[in-house]
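As they're listed, the protein sequences go chains E and G. Sequential numbering of the first sequence, starting at 1, is according to the numbering used here. Sequential numbering of the second sequence, starting at 1, is according to the numbering used here.
Take these hints with a grain of salt, some might be off.
If several chains are the same, the list does not tell them apart, and a pair holds so long as it fits within one copy or across any two.
Below, in silico cross-link-like pairs of lysine to aspartate or glutamate (EDC-like), each with a Cα-Cα straight-line distance of 16 Å or less [said to hold, decoys possible]:
1) Lys127 x Glu70
2) Lys223 x Glu309
3) Lys393 x Glu70
4) Lys281 x Glu360
5) Lys393 x Glu67
6) Lys223 x Asp132
7) Lys247 x Glu203
8) Lys281 x Glu177
9) Lys6 x Asp218
10) Lys127 x Asp375
11) Lys313 x Asp228
12) Lys6 x Asp132
13) Lys223 x Asp382
In short, the hints are calculated from the structure, not lab data.
Protein chains: 2
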Amino acid sequence: MATQNKLVGKMVIGQSGGPTAVINQSLVGAVLAARQQINITGILGARHGIAGIMKEDFIDLTTQSVEQLELVATTPAAALGSVRLKPGRAECEKVFEVFRKNDVRYFFYIGGNDSAETAHIIAEMAKEANYDFCTVHIPKTIDNDLKVTDHCPGFASAARFVALAFMGDDRDNRALEGIKVNVVMGRSAGFLTAASALARQAEGDGPHLIYLPERVFDVEQFKQDVRDAVAKYGRCVIAASEGISDKDGNPISTSGEKDSHGNVQLSGSGALGDTLAALVKDAFAGQKVRVRADTFGYLQRSFPTIVSEIDAKEARAVGDYAVGHATSTGQPGSVAIRRLSSTPYSSECFITPLSSVAREATEMKGEYINEAGNDVTQAWIDYVAPLVGELPKMGRL
Amino acid sequence: MATQNKLVGKMVIGQSGGPTAVINQSLVGAVLAARQQINITGILGARHGIAGIMKEDFIDLTTQSVEQLELVATTPAAALGSVRLKPGRAECEKVFEVFRKNDVRYFFYIGGNDSAETAHIIAEMAKEANYDFCTVHIPKTIDNDLKVTDHCPGFASAARFVALAFMGDDRDNRALEGIKVNVVMGRSAGFLTAASALARQAEGDGPHLIYLPERVFDVEQFKQDVRDAVAKYGRCVIAASEGISDKDGNPISTSGEKDSHGNVQLSGSGALGDTLAALVKDAFAGQKVRVRADTFGYLQRSFPTIVSEIDAKEARAVGDYAVGHATSTGQPGSVAIRRLSSTPYSSECFITPLSSVAREATEMKGEYINEAGNDVTQAWIDYVAPLVGELPKMGRL
């Protein structure tokens, strides 16, 4: 892309929030694009995002071999290191000071809505200080909960893991019948949990029940749902989002810990799975039932080799696009994806204001969830299936 | 293989115990081999193993299309359905009665040591009754704990899942540093947990500590180990077998439930992970540490697409070999694998008496575990790496 704006200087790129299987594609996409731009005079990778910038802890990405970068691109989890830090005013000022000191003119931050907000605050700070500067947010999150964009890089690969896991686990549950609860990541948005529906290939395949944070989780209704499913199928596979909450908004089960964003810790604990398993046992009190619970945990977001091809390609594309946009326009923004067609699938990148993505997250549309609030709809399948890509066919006798 | 013995009649084949990613390869290997044998007059698949035989619940496998069978072969989990039933005398007599009634002369049972014992009891019963009959045990178990054989079909694919999971999770833990506990299946044998060591590709890669059921788990030593690892690496990834126990043989944590074999339920619960995470927090009391625990659970044994090539090939081979042996010799036995070479890897099947495999399981050799009891040795890596096959290379900056 031809350079059109006058902003000349170094660029900093960082990764933030929970890793994904393809976040390094975005990193490498941006770095390789930046190497083609004459007004980017150096490429600094910030170790652990904002935390590294404040300490001037950079890796020089200007000269690393393409071969090495391509290997990084196919490696899950943030190669630069990530961070869970929502910087305050003082921290943003420190970041800005480091940028000025090092003649950094471009900042690319790969992350979710919190990262978009960080980018937004720093962009505003530069404007106030009349410092010529361009910051672009590059989207990633397995939660798929960013506004504006059709979907988020990182989601489809995690969704592929979830779909495959349920395919295998449903065969397992068929072989040794019982009731199986699988807890899937997703604090406020059920996208990833809903991807479990892609595991179904024939009548009777699980998951038979899907519980999402977008709907109130009612304990008695849950018990009845499971009893109904067992009556119908002789077994039951359940997908439950880690974020399911009761009518007062209280999580069904947590470890009681809070993360650095002040959010209650949901992942990295088997608490919810064990709670749901206990509820199921209670629903069948006096009967002999085999109940098991698994919490998919961190494997969902960083499992090597389980990658959606479209996801990898788009994650690369948003990194590349961010650099092209920044160097050609000098304008801040967040890269988003527009779906052009589902069959065959095609998409394009575009830029949306940082403020439109920052802070608030989104959740699943009502039309994706069934009326009873315990399953998804065909509209959801139509949305998600092309992103996840073809899945292996399960044989049966 | 030319038919050499005079035993003519139907065969029954069943699957038993925990499913694996390749147990259907053994089924299909046996079925396709049986179709070539003129003294096998019909092929009956028992639904849910012994339980199905007692109810005469069979699927006719004599005529299903090869295409359908090949799809079944690559599908994880027992396609015939499995069972966890250690039959008593009365149940074995019922099975034997069904065999006689249906002119069943061959019985192939795919499973672990409990299944070998069932096969053994029925073989003895037939001998006592002077009923011409041949029963062959086909080995499978992700636990890798069968005696005689070099390793068990099913193990290497599960080991591959564990190795990949740790590779990704170690990158994840590097990106967001902290202490991570991963609980791996394996009640009495640490083979699968020990496979986590294959995730290491460079100095500092996790897992940094590996705890196996073959060694006493000492809580205070564990806390010290984790503190030492964190001092050295700034983080710590821990592999712990679900079966780790204290010096009195009590499991470190269980859900308190028992399975139908009278064993304490270890899988299908996050209890041990949460217990170990609490111990780690205790080890760093007063300090701010990020501690997470995942329990890999059932995903390890039935994840579609995560299969060791060698495992798939050998699982097919043991099924094929069982039928060849039975029809040519008419003698009972259990199929085992002999490793001929590790580099390049090659192996062959052979027959060992049912009694040599039945009942008792085996565990990891002492030479595979380090002196401190918190890691594996190079001898272990040399043993397991060829089985799991090549793993993707992780990129790093």
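Now for the hints, and whether the structure bears them out:
In this assembly of identical chains, the alpha carbons of Lys127 and Glu70 never lie at most 16 Å apart, being 35 Å within a copy and 64 Å across copies at closest. Neither within a single protomer nor between protomers do Lys223 and Glu309 lie at most 16 Å apart by alpha-carbon distance, with minima of 38 Å and 42 Å respectively. In the homo-oligomer, the alpha carbons of Lys393 and Glu70 lie at most 16 Å apart only across protomers (11 Å), although the nearest pairing inside one protomer, at 31 Å, exceeds that limit. For the identical chains of this complex, Lys281 and Glu360 are neighbours neither inside a copy (38 Å) nor across copies (32 Å), given an alpha-carbon limit of 16 Å.
Taking CA atoms no more than 16 Å apart as the test, Lys393 paired with Glu67 passes between copies only; the shortest distance there is 12 Å, against 34 Å inside one copy. Proximity of Lys223 to Asp132 under the C-alpha cut-off of 16 Å is found in neither arrangement, the shortest distances being 59 Å within a copy and 51 Å between copies. Within a single copy, Lys247 and Glu203 get their C-alpha atoms no closer than 32 Å, and across copies no closer than 49 Å, so neither meets the 16 Å cut-off. Within a single copy, Lys281 and Glu177 get their C-alpha atoms as close as 15 Å, which meets the 16 Å cut-off; across copies the closest is 37 Å, which misses it.
Neither within a single protomer nor between protomers do Lys6 and Asp218 lie at most 16 Å apart by alpha-carbon distance, with minima of 58 Å and 64 Å respectively. Neither within a single protomer nor between protomers do Lys127 and Asp375 lie at most 16 Å apart by alpha-carbon distance, with minima of 47 Å and 54 Å respectively. With identical chains, the CA atoms of Lys313 and Asp228 are never at most 16 Å apart, being 42 Å at best within one copy and 41 Å at best between copies. For the homomeric pair Lys6 and Asp132, the shortest alpha-carbon distance inside one copy (9 Å) is at most 16 Å, but the shortest distance between copies (91 Å) is not.
Taking the shortest Cα distances, Lys223 and Asp382 never come within 16 Å of each other, neither inside one copy (29 Å) nor across copies (49 Å).
In this structure, the hints that do not hold are numbers 1, 2, 4, 6, 7, 9, 10, 11, 13, in rising order.
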